[in-house]
Structure formats: structure tokens, C-alpha cells
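**Student:** From these two lone chains plus the hints, build me the complex, please.
This is what each chain is made of:
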Amino acid sequence: MKKSLNLLLVTMMVFALALAGCGGGGEKKPADSGNGAAGDPQVEEFSLVVRHINVRATAQKTLKILEDVVKKTESEVPGLTFKLDGVEDTVNRDVKLKAEMQNNNQPPIFNLFGGADTQNYAKTGRLLNLTPILEELGLADQFYNLREFTVDGKVYGLPESGFVEGFFYNRKLFEEAGVQVPKTWEEFLKVCEALKAKGITPIALGAGGGDGWAANMLLNNLFVGLGGPEIQEGFVAGKSKWTDAPVVEAFKRIIDLKNKGYIDPNVLGLKYSQGQANFYTGKAAMLFDGSWAVSAITGQDSKVANDAGFFRMPNVGGGGDGYINGGWSNGYGFSGKLKEHELKAVKVFIKNFYTIENQTRGLVETSRIPSMKGVTDLSGANELTKSIGEQQASAKGAFPAFDAVVQQEVKVTLEGTIQEVLGGQISPEDAAKRLQEVQESANKK
Amino acid sequence: MNKIQRNLVAFAIFVVPALALYITFYLVPLFNSLQYSVTEWNGINDPVYTGLDNFQKAMQDEKFWVAFWNNIYFVLFSVFIQVPVIVVVSIMISSVRRMLDFYKLTVFLPSILSTASVGVIWQFIYAPDAGLLNQLLRSVGLESWAKIWLGDKTTAMFSILVTNGWQWTGFYIVLVLAAIFSIPKEMLEAGEIDGAVGWKKAWLLTIPLIRPVIVVTMLLSITGAMKAMDIVMIMTNGGPFHSTEVMATYMYKQAYSLSDFGYANAIAIIITIFTAILALVYHVINKRTEVDY
Chain A
1 MKKSLNLLLV
11 TMMVFALALA
21 GCGGGGEKKP
31 ADSGNGAAGD
41 PQVEEFSLVV
51 RHINVRATAQ
61 KTLKILEDVV
71 KKTESEVPGL
81 TFKLDGVEDT
91 VNRDVKLKAE
101 MQNNNQPPIF
111 NLFGGADTQN
121 YAKTGRLLNL
131 TPILEELGLA
141 DQFYNLREFT
151 VDGKVYGLPE
161 SGFVEGFFYN
171 RKLFEEAGVQ
181 VPKTWEEFLK
191 VCEALKAKGI
201 TPIALGAGGG
211 DGWAANMLLN
221 NLFVGLGGPE
231 IQEGFVAGKS
241 KWTDAPVVEA
251 FKRIIDLKNK
261 GYIDPNVLGL
271 KYSQGQANFY
281 TGKAAMLFDG
291 SWAVSAITGQ
301 DSKVANDAGF
311 FRMPNVGGGG
321 DGYINGGWSN
331 GYGFSGKLKE
341 HELKAVKVFI
351 KNFYTIENQT
361 RGLVETSRIP
371 SMKGVTDLSG
381 ANELTKSIGE
391 QQASAKGAFP
401 AFDAVVQQEV
411 KVTLEGTIQE
421 VLGGQISPED
431 AAKRLQEVQE
441 SANKK
Chain B
1 MNKIQRNLVA
11 FAIFVVPALA
21 LYITFYLVPL
31 FNSLQYSVTE
41 WNGINDPVYT
51 GLDNFQKAMQ
61 DEKFWVAFWN
71 NIYFVLFSVF
81 IQVPVIVVVS
91 IMISSVRRML
101 DFYKLTVFLP
111 SILSTASVGV
121 IWQFIYAPDA
131 GLLNQLLRSV
141 GLESWAKIWL
151 GDKTTAMFSI
161 LVTNGWQWTG
171 FYIVLVLAAI
181 FSIPKEMLEA
191 GEIDGAVGWK
201 KAWLLTIPLI
211 RPVIVVTMLL
221 SITGAMKAMD
231 IVMIMTNGGP
241 FHSTEVMATY
251 MYKQAYSLSD
261 FGYANAIAII
271 ITIFTAILAL
281 VYHVINKRTE
291 VDY
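The listed protein sequences correspond, in order, to chains A and B. FYI, in my numbering the residues of the first sequence are 1 to 445. FYI, in my numbering the residues of the second sequence are 1 to 293.
Here chain B stands alone, though its shape is the one from the complex (with noise of 0.2 Å):
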């Protein structure tokens, strides 16, 4: 190790390699984005300088607003209602003794696809005639619940929320499991003769040893969500009449449908200052998270 340090030019082959790619594909791209966002800017013209214009716009903006709640909305389904079903499934899951590797395959599988495959198949499942969901509400004879699930501004974001956790439940019930089976079988069986059986052994032992697998699939979550957007642009773009339009959506159409550059790279900014502002919130927050067995 220190010999490898000590010798320059073999540090130089390690690290320059990966420092290059960094600095052009991350650091110059981010600065050339803040540089963007304090000019007025569609694309073709020369830039002008218009101060932080663009991020009063974002503040006052009603429609960014809807968009930022949204995002919101996103986290907190997240956090309260998909990390609490990853973490129980993956118990269930773990207590499994027959057919665990299917049971890991099946929910894996919706992760594996692709974000615009998902979308569609969704679309489908929630059309308004023909989609699956309906069908099925008509068939028990629920007529009334049939929705326009994607058309109505009360279901639609709710829809994209439960499209969204269908497809990564399984990457994150794969992450904990993983980590369930790294905890060391005395230390549970020293639990069991202690009496801690079934929901008790999970609540009092299992979830606290995988502690530091669940607060990083929260802050995976967090990030995922604050920066979602290509399930909303497939599934409703936004629509209907901006109900679900989040963050990134709502810049992309600045960016591409309205040649206002500088103002999508302004929200940019703000969407990775909101991020980090909410990813510190929660590091914070949870500061004790080591775990020593």
C-alpha cells in the first residue's frame, strides 16, 4: 500500500484515469450548469446575464411548487410506505425454507426491466376499458372503484407511486436480505433460547442488526426520489394539467419544450441543493448507524 503511494507515477495510473473521466463527466458539467442558470438562455442565442432571476422565477413559480410537493410526496411514500414493506417481505422472505432462490428471482425480476418497459406495462394495466386493474375492480363487482387511474389528478400521482415501488421493492428486498443472512446464526439462536421467536425476533433482533442495510436503502430511496422522472415522463408526462409533474420533468420541459435553457439549469441547481439539503437532514438524523456484532 505505502510503497504504491510512495511511487508517483503508478498512483498517477490509478487515479488519473478516473479523476479525468469525473472531472468531465461530472464537475465541468455541474459548473457549466450553474453557470447557465444566471442567464437568460434558449439553446441558440449568446447567454445573457440575468443575476438569480431564474431561481426568483423557481420561487414564485406555482407550477414548480406542484412539482416540488410532488417530489415530496414521492419521499415520504418512500420512506413510510415502501421501506416498511421491503423490510417485512425480506423477513418473510429470510425465514423461507423451500424455493428461497424463486422467491428472491420473483421479486428481483421488475428491477431488472427497464424504467420505459414498466411504464408501459403499467399504462396498460391502469388503461381505462381495457387495462387490467379495471377489469378486474368490474369482474368482483366494483364497478364504482374503476378509475381513470392516469387521467384523474387524485389517483395519478398515486398510480405513478405504486408503479414506482413495484419496480424497485425487489432491488431492495435483495439488499436486506442479503444482509439478514450475513447476521451470524448464533447470535439469533442465543435470541430464540432467549425467547425471542417470530415477529419478536424480528422487531427486537433482526431489524436492529440490519439497521445500517435499511438506512441506506431509505437514503437510496430519498435520492431516487428526489430526482425521479423518467417513470413520470412515460407514464403521464406530468399530466393531466400538471398534477404530477415532479422537479425533473418540469425542467426537462423547460429545457425541451420551451428552449428555456437557463431557467431549467436553474432548477437544476435547486434540485441538487434540495437533495443534499434533504440527504443531510437524514444523515443526522440517523448518525448512529454502526453495528457491531
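Okay, chain A solo, but in the shape it has when bound (with noise of 0.2 Å):
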């Protein structure tokens, strides 16, 4: 009796907890159009889900942002709440948003990626055409670049920042081997020799494991400054190819500086994240990132956080000398699906986030680059900032990272194939030819 007493017990318990579980489940749904039901019989309740990226400790800032612009939109319009739906980056990107959009119904207002996810998304009608409303707002003009997030002349989603990429350096190093920053090509490989002499490695990379990406930034920059801008654009179209000089030179500097000891001999070893961790440690005096390395260095567990500085890609003698790598490829899109009374909502939104307060609250407070033009007032903002930012207005102009141009099977192959020239499996010839092969066959589909 007692027995089977404590069995019903147990078999309640899991018939509870799997409720519970499907209630918990049930609530995250987008509960539009509300019934009504609360006081005033005019203004109809409802509620909006917006899906943000911001669940890092190191996000903290950034999500405070957010959540100033959601109390104030939920002030001016009557019967809205918002509710925040935060799910780490990758995740979104990669398997949530991806799931939802594919049964269309994907939140009123998400983080996106431009480039690739947004072309895809746009294809199938799932993303608001934003055009008319930066139009209705003014907004249209404000922006540095929205390429990413336009396809077909049409706009799709509104980059939150941007980034840069370059050369952050130890300057207490630097001194100690008696060096100044570099400007040409040769005077980086002085500069890299005179710190190895020392002692120092020169240059902190971790691209082990799947993190090949972190060298091909370097190796970006390298052909893009051999061959201009103009040759990573030319690659879908196929007026530019992976086996020209500028991409097969590209690869040999790497491999000089790998050979040479340049950059750190256990690259292959290391995470990305390990790898800057050397530079913020002081144990290597260079290291090649983008702009949103800023809030590790000068983090709490930086040793270098008053001593590191900024510069831009050296010279390195061919057509995209002077130019920076930049892009502005991540922010909010929009559900193409949108009811009337969301849709004003969703306006309203857009007005109070793309402001330029909140643009300088975004630099100064959490380093990141600016997508709006207009940011002058850089009081409360941290050395190192300020530096990236006058390297950024002081070059010729901007490339966007080439994974932005050219398709994902590219991307792929080439952060197989730059372990394998850092692990030196490969010749650059070789490994230009590769993805010349890879581009054609995707160009084709």
C-alpha cells in the first residue's frame, strides 16, 4: 500500500514538473494583440518581443542601452510593453533565429547580422523593408554604410556599431625595444625583429582549433593592402581572383612572419581569446584585432589597459595603402509580418535607438565604434578609443571584412586552409588555388 503510495506520489511529481516545464515554455511566446481587458476600453494592450545578444557580463552597458530606449518607447506608446528575450550570439544567429525564421515567426524585433543573413531572410520576405521608414524618420542620411543590410537598393536592418580592425600595440614594450610604430611594411618587420631580439613576441595570435578566422583578419588586410579594395570585390563577379598576386603575396607574408618567429609559434595551439590574452597580459607586444577587443583590453584582467595604442595596417606598397578595414554588420531587424498597431511601435522604437546620444553612450561607455554620423562629444571616453577613432577619420577610407562580400563556403574554406599555411601543410599557391576553386563553384549556384 505504502509502496504504491509513493509511487502515484513520484508520478504526480514528474507530471507537475512537466507542466510547469511547458507553462515556463508557453509564456515566451509573442503574446500580441492583447484582450483589452485592463481599464481603459481604448487602448489595446499588446506586447513586443525584442531579441537581443546582450547576456555577457561584458554587455552589461550595452544592454542598459537597450533598456532605456524600451522604457521610453513603452512611455510614448499607449499599451505596449516590450519583453526582453536575450539568447547569446552565436546561438541566435545560428540555430534560434535561423528556426524561427524558417516557420516565420521570428520576433517583431531582433539582433541581425548583415551580409549573408540578411540577403537570405530578405529573399524570403521575413524582414521589414525599412527604406520608407528611414525616409518617414530622417534616419535616411545617417549612417556611415548600410551595405550589408541592403539588398536589391532596399534596407533591411540598421547596424547598433561598428568595428575596425588594426594593430593594437604595447607601448611599454615598444620602448623597451627602442621602436616607434610603423608605417611601411619594412619598418613593421624592423619593428618585429628589434622586439623578437628583446626577447618579446611580436606578434599575439591564437588561431588554433575553429578559430582560423583570427589570422585570416591579418591576412585580409595584407591583400587588400597589396591589392586594393577593389580585388576582394571583384571575387563573386569574378573579375578579381584568389590566385592573383596581391592574395598569393598575401600568404607568403604570412608565412615569413610565421617562419621568421614574428607571430607567436603556438598560434595553432591557441584560442582566439587566448591569443589576446598574451597581448593583455604583456607577454606579446602586438596584436592584430577589431575594434571590439578594446573592452578585453582594457578590462580587469588586462595588464596593459593604460599602455596600449592603436594603428592602422602599415603600408604595405600596394593600391589599398591607407585604407581601414571596417563594417558595420550587426544590429536590429525588423519582422516583415507586422501588425499596423505594431508596426507604429516598431517606429518608434527605431527613433528613440538610432539617436546620436545613445550612439556616444555606445562609444564612451562600451568603445564601440559609432554607425551614425554625428558623434563629436568623446568626453568620458578611454584613451585607447579615442585612438582607434582617430586612425579611423584619418585613413583614406574603409573595406569591409571579405567575408561581408564573398560567400560562406569560402569563408569556411579559407580558416581551414590558413591553419594549414601557418602550420605550413601548404604553398600560397596552392592555397590561392583552393579557394579560386571554392569561389567558382559557389559563384555557380
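Think of the hints as simulated: they come from the structure by calculation, not from any bench.
Straight-line alpha carbon distances no greater than 27 Å define the calculated DSSO-like cross-link-like pairs of lysine-lysine that follow:
#  : chain 1 : residue 1 : chain 2 : residue 2
1  : A       : K351      : A       : K337
2  : B       : K227      : A       : K96
3  : A       : K433      : A       : K239
4  : B       : K63       : A       : K241
5  : A       : K83       : A       : K71
6  : A       : K239      : A       : K396
7  : A       : K373      : A       : K61
8  : B       : K147      : A       : K196
9  : A       : K283      : B       : K153
10 : A       : K252      : B       : K153
11 : B       : K57       : A       : K241
12 : B       : K57       : A       : K445
13 : A       : K123      : A       : K445
14 : B       : K63       : A       : K444
So, partial list: chain A residues that the calculated Cβ filter (under 7 Å) puts toward chain B:
#  : residue
15 : K98
16 : M101
17 : Q102
18 : N120
19 : T124
20 : G208
21 : G210
22 : N266
23 : L268
24 : G269
25 : Q408
26 : V412
27 : Q419
28 : E420
29 : G423
In this text, a Cβ means the ideal position worked out from N, Cα and C, and glycines have one as well.
**Tutor:** Put into C-alpha cells, the structure is as follows:
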């Protein structure tokens, strides 16, 4: 008797748990167009989900900006409540949002990457065309660059911030080795040699495991430097090839850096973050990285927060000299199937979110490169951020990262190939040939 | 027993929930996967039927075969290195008189850790500069043995296999130990009186008597090795240059970094077929598994 009572209790508990689980899941659904039961009969209550990726401790300040916008928008739109739904960035990008897009139940407002993501979603009509809204709100000319969110002339997303890439360097170690910021590739090699002679690892880099992309940043800057921004623009159209001289030469220079011991010899045994850590703990003198690295370099674990500087890719003797690698590829997109009142709320959200004030906050508080023109007040920003701003401002122009231009297959192939190059497994010519083959087969699709 | 089988309602109460779960979470996805494996599908567009193209592509895909052979290394390592270690250690522990629980707990501990933690712990051990392994080698004067364990294609796969072995050995040891302790005392005593002591006893008595459990251990190791994924993803993510890719990580990459869901589903089906074939072959080899005490 007692046994069966126990069994019954256990069964009930299991059911209760299962039900609780279902309940939790159900609540997360966007409960649009409420029943308007509350008080005022004229104001219909509704809620909108905002999917964001600011879930890490380092993103708290970014989240705060979003929360402030949400509060402001709620106060301006009667009946509206926002539901913030934070999801880790790659999970959102590769799994969750993708699945939602497939079923056409994407949230009304969501974090979105430009490039291939935006193109795919726009083609299936899942994204809201923002072109008329930008006109209406007077935002059309306010952004630096919307190319990654533009498909067939229509804008489908708005970048929240941007990035530039270049060398971070440790001023103290440079002083120790008696070297200055290099202006040309020859000077750069001399700086590396001097650092190495002092027993300092010249370039920190972690490109092992799945992090081949970290080395591709440097490669990308080298071949654009040598061949000009047009070289990568031509890959898809077939106007230029991976087998062209600048790309092969870029591979050669990477091999040269590795063979001379300028790039950390452990490069394939380290993950991206470990490579970065070697720089900010003072073990290596330089780091080629994007401006997003500032938060780590000036963060709590950093030993070089006050000694870090930034310089653009030195002139390598080609058509891309003086340009800086930068892009505006992450921001927000909006669902293409909004109801009238939801669309109105989304417009207010855009108006409140994309302001110079928020962009300034993004730069000063979180060291993120603005996506909108007109940020002038840099007071409060750290020195490193300011110097990045200067390097960006003094560049001839910006070119996007190659992966925003070429197909995903090419990007993934290069991630494996650069590891082979660094590991001495493949010649520059063969590496270039392989990429061109992948590029051509991707172009045919 | 018969009473319940005759009472259809009671029968349904017991069977339907399990059956419903099985259908929803196993059969339906399996058929979905089959369906998508013969299409070209990027996850968003409407799938386009392409027949057996994806399977043909896999058969001609060099990287897929690298991944396949890595799975085979995984299996061979499990069967020929891990399982003997498991049996030897189990027999050693079973003959310990004092602190038996301590040993059992110690060997079992790694298997209660999540694979993610194990992967990260061993990444630290294998780290090129600050890693425990290289520091150990350097401190005993074996500087030249120090390697970039996970970044060198000659050592990376083996390093992962060792980690995987470390994680799961304890779990199987506990299984085998239980089998050893369930052998009737009188049989072992009779053997001892007949002169079977030490390793002779282990080889002639213990191992034949726990054969069924060893067979199960091997089977679990084989199927586990065929579908290995998490440990590789965390430790090397298939790198350097795809030298540690296994079929499952390759499948994952096709789906989630290349958005080629059709091909990924085809690979999933191939993994299922290969694993089934291996398990079947193994089953045939080990037909005679029952032991009567």
C-alpha cells in the first residue's frame, strides 16, 4: 500500500514538473494583440518581443542602453509592453533565429547580422523593408554605411555599431625595444625583429581549433593592402581571383612572419581568446584585432590597459594603403509581418534607439564604433578608443571584411586553409588555387 | 501479467505515453531527416529534391572521409586500448581490501563532469606554454617532448582520444566492477583451490565470467565513438585544418556554418547506417555472450 502511494506521488511530481516546463515555454511566446481587458477600453494592450544578444557580463552597459530605449518607447506608445529576450549571439544567429525564420514566427524586433543572413531572410520576405521608415524618420543619410543590410536597394536592418581592425600595441614593450609605430611593411618587419631580439613575442595570435578566422583578419588586410579594396569586391563577379598576385603575396608574407618567429609559434595551439590574452597580459607586443577587443584590453584582467595603443595596417606597397578595414554588420532587424499598431511601435523604437545620444553612449561607455555620423563629444572615452577613432578618421576610406563580400563556403574554406598555411602544410600558390576553386563553384550556385 | 495484457485500457495507459514520446522525439525526426537528406535546403528556402546527390557528394568528399577515419581511430582506441585498461584496472580495484570506496569514487569522478568541463580542463593541460603537460615535461628535462598538442595534426587526434578515455573509463570501470563482485564467491574459491591465483585467476576465471559486461562495454564504446562530437567540438572544433574532424562535427558544420542542411541530414543518415553496420558486425562476432554460473 505504502509503495503504491509513493509511486503515485512520484508520478504526480513528474507530471507537475512536465506541466511546469510547458508553462514556462508557453509564456515566452509573443502574446500579441492582448484582449484589452485592462482599464481603458480604447487602448488595446499588446506586447512585443525584443531579441537581443547582450547576455554576457561585458555587455551590461550595452543592455542598459537598450533597456532605456525600451522604457522610453513604452511610455510613448500607449498599451505597449516590451519583452526583452536575451540569447547568446551564435545560438541566436545560427540556431534560434534561423529556426524561427524558417517557420515565419520570428520576433518583431531582433538582433540581425548583415551580409548573407540579411540577404537570405530578405529574399523570403521575412524582413521589414526599412527604406520608407528611414525616409519618414529622417534617418536615411545618418548612417556611415548600410551596404551589409541592403538588398536590391532596400534597407532591411540597421547597424547598432561598427568595428575597425588594426594593430593594438604595447607602448611599454615598444619603448623597451626602442621602436616606433611602423609606417611601412619594412619598418614593421624591423619592429618585429627588434622585439624578437629582446625576447618579446612580436605578434600575439590564437588561430587554433575553430578560430582560423582570427588569422584571416591579418591576411585580409594584407591582400587588400596589396591589391586595393576592389580585389575582394571582384571575387564574386569573377573580375578578380584568389590566385591573383596580391593574395599569393599576402599568403607568402604570413608564412614569412610565422617562419621568422614574429607570429607566436603556438598560434595553432591557442584559441582566439588565448591569443588576445597573451597581448593584454603583456606577453606579446602586438595584436591584430578588431575594435571589439578594446573591452578585453581595457578590462579587469588586463595588465596593459594604460599602455595599449592602436595603429592602422602599415603601408604594404599596394593600392589599398591608407584604407582601414571596418564594417557595420550587426544591429537590429524587424519582422516583415507586423500588424498596423505593432509597426507604429517599431517606428518609435527605431526613432528612440538610433540617436546620436545612444551612439555616443555606445562609444564612451562600451568603446564601440558608432554606426551613425555626428558623434563628436568623446569626453569620457578611454584613450585607446580615442586613438582608434583618430586612426579611423584619418584613413582614406574603409573596406569591409572579406567575409561580408564572399560566400560562406569561401569563408569557411579559408579558415581551414590559413591553418594549413600557418602549419606549413600548403604552399601559398596551392592555397590560392584551392580558394579560387571554391569561389568558382560558389559563384555558379 | 496476463490480466493487464487483457485489459486494453490499462495496457494503453502504460504503453501510449512512452510510444507517443518515442514517435515524437525519435521516429518523426528520423523520417524528417531522411526526407531532407535527399534535398538541397539552406534552412530557409523550400527544400528542392535532388535525389541521392548529397550521398554521392559525401562519398566523394575528401574531408568527410578524413572525418570517417577519425571515427574509426576513435573506435579502435576504445576497443584496443580503453577496454583493456578498463578491465585491468577493474580487476586491480576489485582485489583491493581497504578503501575500496575511495578508489571507486576516484575513478568514477571524471564521468560525472560534463564533457564541456572535461574539454576545457584538458585544454589547459595541453596548453602550449602554461599547460601542465608541457611544464611537467620541461621540469623533468624532456624539453624536446613538449608539443603544441592540440595544434599539431600528428598529436591532436590522439590528445582528444586520451581525454575522452579519461572521461569515460571510470564509468565503465564501475560497470565492470559490479560484474566482478556479482561472480559467486564459491566459484572463485574453487578456482583458487585448483591453483588459479593472481593474473591466472583473472585471465581464466574473472574475465570469462564477466564477458557479457565487457561485450556491452565494448558496444557502448563503439557506438559512443561513432557519434562522438561534443568533446571534439570543444577541444579543437575539428582543427587544425580539419585533421580532428569527426563525422558528427563535420555534419554540424555543414548545417550551422554552411547552412547546407540537406547535406548535413545526408551525413546524419550515413552516420546512422555506419554505426548500425558496425554494431551488427560486432554483434555477429560476439554471438555467444551468455554465461551460466
